[in-house]
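Peer 1: With chain A held as given, fit chains B, C, D and E onto it using these hints.
These protein sequence lines map, in sequence, to chains A, B, C, D and E.
Heads up, the first sequence is in this note's numbering, so the first residue is 69 and it goes up one at a time.
Heads up, the second sequence is in this note's numbering, so the first residue is 48 and it goes up one at a time.
Heads up, the third sequence is in this note's numbering, so the first residue is 44 and it goes up one at a time.
Heads up, the fourth sequence is in this note's numbering, so the first residue is 142 and it goes up one at a time.
Heads up, the fifth sequence is in this note's numbering, so the first residue is 6 and it goes up one at a time.
Keep in mind that the hints were calculated from the coordinates and are not lab data.
A few of these clues could be false.
Just so you have them, the derived chain B footprint on chain A, three or more residues with Cβ under 8 Å [as the list claims (entries may be wrong)]: (1) 101–110; (2) 387–400.
Below, computed lysine-lysine pairings styled on DSS-like, alpha-carbon distance capped at 27 Å [claimed, not checked]: (3) K153/E / K94/B; (4) K391/E / K123/C; (5) K350/E / K81/B; (6) K469/D / K418/D; (7) K123/C / K350/E; (8) K389/D / K440/D; (9) K208/E / K81/B; (10) K52/C / K391/E; (11) K400/C / K317/C; (12) K153/E / K66/B; (13) K123/C / K332/D; (14) K153/E / K80/B; (15) K418/D / K389/D; (16) K121/C / K332/D; (17) K121/C / K418/D; (18) K105/E / K123/C; (19) K100/C / K123/C; (20) K391/E / K158/C; (21) K100/C / K418/D; (22) K331/C / K356/C; (23) K172/C / K331/E; (24) K153/E / K208/E; (25) K420/D / K440/D; (26) K158/C / K153/E; (27) K175/C / K197/E; (28) K66/B / K197/E; (29) K175/C / K326/D; (30) K94/B / K197/E; (31) K276/D / K290/D.
Partner residues aside, some chain E positions facing chain A, computed with beta carbon under 8 Å [to be verified]: (32) M28; (33) M140; (34) G143; (35) A144; (36) Y150; (37) K153.
Cβ coordinates follow ideal geometry from the N, Cα and C atoms, glycine included.
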Amino acid sequence: MIVNIGIELAKVLAVLIGVLNLAAILTWMERKQSAVMQDRIGANRASIFGFRMFGLFQVLADGLKMFVKEDFIPAQGHRFLHGLAPFVAAFFALIGFAAIPFGDTIHLFGREIPLQIIDLNVGILYIFAAMSLGIYGVVLAGWASNNNYAFLGGMRGSSQMFSYEVTIGATILGVLMIFESMSLQQIVRAQGQLLWGIVPKWGVIVQPLGCILFLVAGIAETKRVPFDLPEGESEIIGFFVEYSSMKFGLFMLTDFVETVLIAALVTTLFFGGWQVPYLMADGWHLPGGTLLAWPQWLVAITQVIAYAIKVFFFCWFMLLVRWTLPRFRYDQLMRLGWQMIFPLSILNLLATAVVILLLN
Amino acid sequence: MNRRDLNFAERLYLSEVFKGLWLTSGHFFSNMKKHLARQLGFTRIEKGAVTFQYPEERRPFSPRYRSRHRLTQREDGSPRCVACMMCETACPARCIYIVAGEHPDPNIEKYPARFDIDLGVCVFCGFCVEACPEDAIRMDTGIVEIAAYSRKEMIYHIEDLLQ
Amino acid sequence: MPTVTINQKSLTVPEGTTIIQAAEQLNIEIPRYCYHPGLSIAGSCRMCLVEIEKMPKLQPACNTRVTDGMVVTTQSPKVKEAVSGVLEFLLINHPLDCPVCDQAGECYLQEYYMKFGLHDSRMNENKIKRHKAEVIGPHVILDTERCVLCSRCVRFVREVSRSHEIGIFNRGGQSEIRLLPDQVLDNNYSGNVVDICPVGALTDRDFRFQCRVWYLSKADSVCNGCSRGCNITVEANRQRAHHGEGRRVMRLKPRFNKEVNRWWICDIGRYGYKFIDDPSRLIQPLEKQGDELEPLDWSTAAERAVGRIREAKQRGGAGSIVIVASPQLTNEDLFVTRKFFGVDLGIDQIDFRIPDKNTLSDDDFLLRADRNPNTRGAEAILLDGGGFDLQRIIESASTQSFGLLYLCEQDLVKKLGSEPARRFLGQFDYVIYQGSNENETSGLANLVLPAATYAEVNGTFTNFEGRVQRIHAGIEPLGDSLPAWRVICKLAQTAGFDYGYESAAEVFVELAQTVTEFEGLSYEKIGSEGMKLPETQPVPA
Amino acid sequence: MPELALLTHVQHRNLMTVEEYRQTGGYEALRKVLLEMKPDQVIEEVKKSGLRGRGGAGFPTGMKWSFIPKNSEKPKYMVVNSDESEPGTCKDRVIIEKTPFLLLEGIAISSYAVGSSTCYLYIRGEYYDQAMILKQAIEDAYRHGFLGKNILGSGYNLDVYLHRGAGAYICGEETGLLESLEGKKGWPRLKPPFPAISGLYGCPTCVNNVETLAAVVSIIQNGGDWYAALGTPKNGGTRLFCVSGHVKKPGTYELPMGIPLRSIIYDYAGGMKDDRKLKAVIPGGSSVPILTADEIDVKMDFDSVAAIGSLLGSGGVVVINEDTCMVKALLRIARFYAHESCGQCTPCREGTTWLKKTLQRVYEGDARQAELDQVLSIAFNMMGTTICPLADAAAMPVRSYIQKFRHEFEYHVQHKCCDVKPAVRI
Amino acid sequence: MTSETETTSTEPSQPKELTPRAMLLNVGPSHPAMHGVIRIVTQLEGETVEKCEIEIGYLHRGFEKSCEQGGYNQAVPYTDRLNYVSPLINNFGYVMAVEKLLGIQVTERCEYIRVIMGEISRVTDHLTCVAASAMELGAMTVFLYMIKAREFLWELVEDVTGARLTISYGRVGGVSGDLPDGFKEKALGVFKEVRKVLVEVDKLLTRNRIFVDRTKGVGTISRADAIGYGFTGPVARSVGIDYDVRRDQPYGVYNRLKFEVPLGTRGDNLDRYYVRMQEMEQSLRIAEQALATLPGGAVNVDASGNVIEARDMVDRAKMGQTRGVKQTLVQLSPNLEGLQDPRYKQVVASDKRAVLPAKSNTYGNIEGLMNHFMLIMEGYGIQPPKGEAYACVEGANGELGFYVVSDGTGRPYRVRVRPPCFALMAGVHRMLEGFMMADIVPTFGSINMIAGELDR
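Pulled out of the complex, with its shape left as it was, chain A reads as follows (with noise of 0.2 Å):
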């Protein structure tokens, strides 16, 4: 027993590190890769006895600076909720990894132990309340600072995450149509198989226009570029236009976090989670029959870094997206979301609906 809860709670360290750590890295990578993108080098000064590590300091010194800083709450504000708004933001956002596998099930000392904290069976359920319980942390947040600013922030925000969580639950739909189950290792595990025996059938592959639409929503729903309204940084601020220190610090590493979520999701949805093509627990199936036998820790391990390529891939990808493009108005979200995104969800979930009849 004790030994199952170290376990799990060794797990969920792992993920929490690894999150909070992805998340963090994320704000050097934001830095840098826009820098390199737009011709400049981007943060480097932070040092360490001088060691500077082309910059990656830079993300303990904003830790620093976000801890000691003034935590400033707006006079008129209210105190409870302006302080409560980023934690639910923060929390709603990293419960939601709870449920995403890392790996397949390892065999260590004769247990098995799954690479996820947890695996639910309606674990994609899960993930979707977690996501909609963070639309809170920003309607709280805009209405507690008792600012206009904020106030518009909060809205946007409340009512483009809405929308496009809709979107998200049609294309998930047909994911789960495919692969028939509502657990992500489930969902993981099916997309090892192949087509025609050579096609991985990642979600991808099976669900093309739904992997686009979750994407687009998906970005939709971190709130940043080119759906950054509730931001909005040189019109209306955002929603957290009157945070500051680590409160401030929170939101902040919320969207990364929630960048992290979706590119989980992505890639747990429709490229395959950790699968890697041709790569099953004893070696490499190769097509055309050939084995190539692999110790299964290897594997474990190959699978496990397969995954966080791929998370790290439609981060970076999320970030050149963020850096390209400019932003949508309100209503041309709203509209993009309700008249595009949105019936091209339910049309994909027709056609998926058809094939799968018509293949069965």
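Peer 2: Chains B, C, D and E only, in chain A's frame:
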């Protein structure tokens, strides 16, 4: 001016978005390549960034660049300035303060007993250099870091300006 | 009365008028260096060449008298070429001294170069080196390199000051101005050579390197140095405080007044301005506390003064109060003094005549023995029927005791000597000193009220001939000091008499209505040249 | 040999005493004047003679005399200008050395004519011997009653004072001379007023050249018409031409006005020395524009010479042969005027020095071509802009030399050496 | 930032009828897009701007009054700071007015230099504007690409003027220095880079639906309104008002150069973007033409080939050793490099009453020195005859006019500037009302308001 409406493909967002991503990622990869190469020691490859890593790396100023003033010197180290007040007069910011003194050499006659420039007020227009009939003040030091903790420290005296 | 046409403008002038004078009346500028209206004509600079119809050669305008029907042009190409040619000649050996030359900014070489020269330099020879920065007198410094040999200074010492200290030595290109053997340019009018020098050859040692002339603002005034009342311009530096050791008044320049001083002023007057920005200036009211004078604000000071005056009057009647005004004060100051003390307070012991132990004398030109600018005015205003004779009290050395002495701008210690002054002051219970500068007398007073100097006030002085002349404030009163009439007004207001004067001009209007001698005068009538009091006899020197 | 007016009796001997002079008919004219003529008649006679001032300007003498106010309350002065400083001129010297009494007689006649009883004889400082001769002569004349009180019993008094200058060219200018005479610097005076109205000590003054006064004697003796007939119309009489330079027989020749220059050089002065080629002639002293060899057919009278752009001046004919470097010659002249400028007027004081310096560089070849034109322009600016004509005197030769011999100047500038004597490196 | 007009009642007991009330949003002056220099008070209905009011005056230097405090040339640094993104054009506009007053004609080379530098400035201005508009829409990368291009251009500006922004390059009667050696080649290289960036920006924005949606039909103004409010420049041209000072009141040498005036039709943000993008191309074209035909290389000075240091010349001249100085070339302080003798005469008018003498004259002869002094000393300086003059140039944002009144003294009696942005700010509420809150910033950005010009 031709202002063409978007065609259907363009209206679908995706194609243009991907074109844009292609462009920016192109910048990303080509710059990344240059960065890496330079990190690996291929210093002759051009820089991956157009920025300068100030203060280690300084942007070369053009010869005409107007930086902090200096007073030129005679061979004995005394200022060439003869306190004619041309710069003081020409200065639109009125940041130059000169007090004249009597020089023992009748061929020089006049020298600046005091020559202060309040760089906190200076607009770096270069009129003083243009106004100087003695080639005594120049703005060619290349010094642009003129910060101080107080306004008083922004006032440069003759000793500072002679260096 | 010949009629002359210059540049198409006609003018009828008296016989004997030269072209340059006629042109001046027509506002046509003819460049000149050697010509000065106050000196004889040398005709040597050759700048004033003009073309006269029917004359083949250009003629110097300074020496050519106007004849009837003469047609003159100063703008023909021939004249322009000749004038610019002369200027070029003047400049070939002129040193590159503008940066170190005090004259820059009021130098006729510079001005005429812009107006009549504008040629490119063609000089490709070495310049002749000469003596530089030679001290030739207590006030004047000579730079022979800058000299254009206009000989104005030589003619000045020959014709005006008649002191003959300088002359032109050597010949041709080697000519230069030098002191005559064993001579020093130390006459009392030596400063004038600086004024008349059109270039920077003769500069003022007092003004040397103090301030650039283009920073100076000018105000018309009258010298307070003696009863001649020479017209002057107070030149003050009001925009660059770091020049001239923080002094504001930088120099005094004589101002032309045909009736008084013409173009000249004596050195005593010229350099007598230092007290204006002296550290000894009184800048706030002071009251004696023990042995020290302690500062206090104006309203307290006025209350204190008025209280003491009332007290003295109550105790000993008006007869126990003596008011000593000063011929250094303007007519307006004196009038308000009379109005407040004499009329409103009923004190008739008002006088301004203090015997001076220092024997001063006239010189044979401008300087007068009476070194006060407004003695005549004070007589007209204060002695208008008054029979009080202060001199008698002072000289009788009586032990009579008085209540209060109100002393204006009179350094008794200096004038009477320390002992008599102390004895005289000792006769009073309370002494109020109103003046611009601290001195030994003010140190003996119980209450000191700071007054502005003449350079800081508007008003009028009356010179020994009875000529009333205006002075204008060139600078603001220093510190808390106030023009004397304002000081008195303040006292009057405290005492319950509100005169309501806003400016010296208003005071003068009332003065002209009240004092018979000033009847009919006004600032407009006085103008810039002054106006004589009607039918008055000059004060004996 | 043409008829002479001045040197008639001194061709072979000098007349150094009153006796000698009287033997040749001396003082007859004075006697005639004092005893028979009114001053106005004298002036008329002189006017008739067409005598023009021999100092250089050539102003009609009779007219000049008539400007002296008749009824002035102030004393009138006669001043004799013997400050003969023009380079190339030595005519007054000849008169003084050979026949001083001719001058004294002329002085007496002219003083009588203008109503002056005081005469100042201003002689050049360097003429020491000549001054001594004059001193002697004046004493002699006093002794014989030709000067002093009641001359020849006519009741006319005349005192002559000899005054030596101190060595300044400018004192040959009449007002400069007056200033010098008054004991001041020899700075020419502004005119007007002219000396005839306000001259020496502010009194009416008549200033005449030695040769002019000497000529008066023969005019009185022989009549104005006779004198006029010696020369050409408007240029009466004879003139002393002082021929110097590269001729075989330099010297002072009395020749009638209007004689061709060629004749002076070749007939009287014996032609060119060593038979070199004639290059140029200065016809009237260093201050006048130069003439080239082609121009020597000019008649030597004031108007004819002026017509070809030069001046007769003081009659100092300087003959220059082909071996002479004109640049050097001009530089020499420019130096002279720079040295002699009085320094009063700006253009002259500065211009002469500037010309000298620039010409020095031209001579040394250290100048640019454009500077030749600059020199011309400087000289032009100097002309006619000063009180006295010294500036013109300095500027005229500069202009004429450069205009007429420009190639030599250009050669100096371009080759840093002289084209006359190319071997000579400068 | 928050402001609500109605104070909420403190009495809770009375049940109030719910009334919809507009939200008042105070945009600026401490709003990132308002640069701290302007304030827009908006009344929002949801996200739609119902009404708005523009308040200027947060940046006040007293430009016009300041100009009256010094000599004519001393106002030049003030003009730098009018439109501080294209200061060269301001310089030239001002000095042209003074030149008109003086009646002097600058040299041809100077005219060309002014055209070249003016057009470079215009490109920097448009680059900044388009870049900022894009950034205000969230496209940060576009901003940085364009700022990079601007940087290249500013390097050119620095090479020529000695400063990047506070250039103080114009002088009455000319410019403060000739173009440096090798400028043409460098400039052409930079233009190539700039064009590259323009192509990239075009790719990133022009056909991108997000961008088009955000700009098309947004911030429109009617032609009548634009004329009525006195709009000029790209904003006016975006409505189709065919007016460009360079073409319609040609100054300098614009009438010798070929260029087109791009026009829009709808007057929306997209048209302004188009106009600016095409104007940049036209400006580069003008600059290239001017560079190709730039008259006059180095003139042959009558110098002996000696080059001496300025200080040596000063010392020699001071000691009267002026012989030969005239034939010597003086080596100047780098800041004055463009005024070396061979170039001097080509870039300034030959009017000694307005233009400082060549340095070799100031250093080497008294005429130059006196001339120099007379132009600098207070109370002398440039003294145009009594009168008034108006000169206008096509600033980056429209007609930039200077009206200078002279009373014959060395100081301007009055300097009035007609800045393009001032007129634009009068009418900008028309371009904001009826659009959305999110459009305020991009619309405002597309106008390219520069508060330095609003100062009065």
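Peer 1: All hints, please: hold or fail.
Peer 2: These are the hints, each one checked on the structure:
1. 101–110: holds (count 8)
2. 387–400: Our answer is that it holds, as 5 residues pass the Cβ test (under 8 Å) against chain B, meeting three.
3. K153/E / K94/B: With Cα atoms ~14 Å apart, K153/E and K94/B stay inside 27 Å; holds.
4. K391/E / K123/C: holds (23 Å)
5. K350/E / K81/B: Between K350/E and K81/B the Cα gap is close to 47 Å, so the pair fails against 27 Å, i.e. violated.
6. K469/D / K418/D: holds (18 Å)
7. K123/C / K350/E: holds (24 Å)
8. K389/D / K440/D: holds (21 Å)
9. K208/E / K81/B: Given pair K208/E, K81/B holds - Cα atoms ~24 Å apart, limit 27 Å.
10. K52/C / K391/E: holds (22 Å)
11. K400/C / K317/C: At roughly 23 Å apart (the allowed maximum being 27 Å), K317/C and K400/C satisfy the hint.
12. K153/E / K66/B: holds (21 Å)
13. K123/C / K332/D: With Cα atoms ~23 Å apart, K123/C and K332/D stay inside 27 Å; holds.
14. K153/E / K80/B: Holds, at roughly 20 Å.
15. K418/D / K389/D: Judged against 27 Å, a Cα distance of about 13 Å means the pair holds.
16. K121/C / K332/D: Holds - the C-alpha atoms of K332/D and K121/C are around 21 Å apart, at most 27 Å.
17. K121/C / K418/D: Violated, at about 41 Å.
18. K105/E / K123/C: holds (26 Å)
19. K100/C / K123/C: holds (14 Å)
20. K391/E / K158/C: The given pair, whose Cα atoms are some 16 Å apart, holds under the 27 Å limit.
21. K100/C / K418/D: Between K100/C and K418/D the Cα gap is close to 39 Å, so the pair fails against 27 Å, i.e. violated.
22. K331/C / K356/C: At roughly 21 Å apart (the allowed maximum being 27 Å), K356/C and K331/C satisfy the hint.
23. K172/C / K331/E: Holds, at about 19 Å.
24. K153/E / K208/E: Answer holds: K153/E to K208/E is near 17 Å, not above 27 Å.
25. K420/D / K440/D: holds (18 Å)
26. K158/C / K153/E: Judged against 27 Å, a Cα distance of about 51 Å means the pair is violated.
27. K175/C / K197/E: Outside the cut-off at roughly 61 Å; violated.
28. K66/B / K197/E: holds (22 Å)
29. K175/C / K326/D: OK: K175/C and K326/D at ~25 Å, within 27 Å.
30. K94/B / K197/E: holds (19 Å)
31. K276/D / K290/D: holds (18 Å)
32. M28: holds (6 Å)
33. M140: holds (7 Å)
34. G143: With Cβ-Cβ at 3 Å, under 8 Å, it holds.
35. A144: Where the cut-off is 8 Å and the nearest Cβ of chain A is about 4 Å from A144/E, the hint holds.
36. Y150: holds (7 Å)
37. K153: Where the cut-off is 8 Å and the nearest Cβ of chain A is about 6 Å from K153/E, the hint holds.
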